[in-house]
Amino acid sequence: METRGRLLRTLDLGILGLFVLELLLRVYAHRSEFFRDPWNWFDTVIVGIALLPASGPFAVLRVLRVLRVLRLLSVVPSLRHVVAGLFRALPGMMSILFLVALLLYVSSVMATTLFSGSSPHYFGDLPTSLFTLFQIATADGWGSIAKDVMEHQPMAWTFFVAFVLVSTLVALNLFIAVAVEALEQDSDLPEDSGGRTAEAGPGPGGDGPGGQGQLLAELRALRAEVRELRAERQGVG
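Using the UniProt record's numbering, you'd call the opening residue of the sequence shown number 1 and step up by one each time.
One or more of the hints may lead you astray.
Stated by the list, open to error - Pair by pair, the computed Cβ-Cβ distance ranges are: (1) Thr138 - Glu33: 41 to 47 angstroms; (2) Val75 - Leu11: 17 to 23 angstroms; (3) Pro77 - Val180: 35 to 41 angstroms; (4) Leu11 - Val226: 55 to 61 angstroms; (5) Glu181 - Leu102: 21 to 27 angstroms; (6) Tyr105 - Ile176: 38 to 44 angstroms; (7) Tyr105 - Gln214: 42 to 48 angstroms; (8) Thr44 - Glu2: 33 to 39 angstroms; (9) Glu232 - Ala29: 42 to 48 angstroms; (10) Leu229 - Leu25: 31 to 37 angstroms; (11) Val76 - Glu33: 17 to 23 angstroms; (12) Leu99 - Leu219: 37 to 43 angstroms.
Just so you know, these hints were derived from the structure itself, not from any lab.
Cβ atoms here follow ideal geometry from the backbone N, Cα and C, with glycine treated the same way.
With these hints in hand, go ahead and build the complete structure from the sequences.
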């Protein structure tokens, strides 16, 4: 076991050395362009965490060295597309989260008004109702909660069924739809030679130098054409 432990530590140090060497070579090759790509910042943070000392005030942070596995996100193009698509979907997801929060609040007010007298341990006040309905929305034993309330109010099932249908099925499908649409849009974007999306966008991988360089080249070409047209008109005049 001791020999195996030394072997694993040696392998760990070797892999970490390769990561550091790769990072330094990329900085040397790209110079200032290196820091314009969010994925490079991501790799730098991951490698920096792995270099923290195993003792002293940073010993707790060494637990985060397992995050080195996340470097696969920047190495594998398909994973990079997924992450970029999820970042692209964040605005739509935030809108859905706001809608779900509003639904939880309104439903909690209704549940507190309807069921606080018969089931105070579930719906005694607004915070308790919020927690109970959040538990129901995650499908965590909501059937037992509904049955306890229905012992006192038999028609309470209508409220719970409607809430589960809207909060769980509809909201979940909306999240999936937004994520899938963002992934489809990201997959349609062109890539530069490094396999990164060329179009600028939010999140890692969306602000690469490839798309900016192409846009600047097109602007220069348009300016050159405008200058030629002006020169021709002056010559004719």
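Each hint, compared with the structure:
1. Between Thr138 and Glu33 the CB atoms are about 45 angstroms apart, so this pair conforms to the stated range of 41 to 47 angstroms.
2. A C-beta distance of roughly 18 angstroms is found between Val75 and Leu11, which places it inside the suggested range of 17 to 23 angstroms.
3. Checked against the given bound of 35 to 41 angstroms, the beta carbons of Pro77 and Val180, roughly 19 angstroms apart, lie outside it.
4. Roughly 60 angstroms separates the CB atoms of Leu11 and Val226, a value that falls within the hinted 55 to 61 angstroms.
5. Range check, Glu181 to Leu102: about 22 angstroms between beta-carbon atoms, so the 21 to 27 angstroms window is met.
6. Judged by the Cβ atoms, the range 38 to 44 angstroms given for Tyr105 and Ile176 is violated: they are separated by roughly 24 angstroms.
7. At about 46 angstroms, the beta-carbon gap between Tyr105 and Gln214 stays in the expected band of 42 to 48 angstroms.
8. Thr44 and Glu2 have their C-beta atoms about 34 angstroms apart, which keeps the hinted 33 to 39 angstroms range intact.
9. Between Glu232 and Ala29, the C-beta spacing of about 43 angstroms keeps the proposed range 42 to 48 angstroms intact.
10. Distance hint check: the CB atoms of Leu229 and Leu25 are about 46 angstroms apart, inconsistent with the given range 31 to 37 angstroms.
11. Judged by the Cβ atoms, the range 17 to 23 angstroms given for Val76 and Glu33 holds: they are separated by roughly 22 angstroms.
12. For the pair Leu99 and Leu219, the beta carbons lie near 40 angstroms from each other, so the given range of 37 to 43 angstroms is met.
When each numbered hint is compared with the structure, violations occur for hints 3, 6 and 10.
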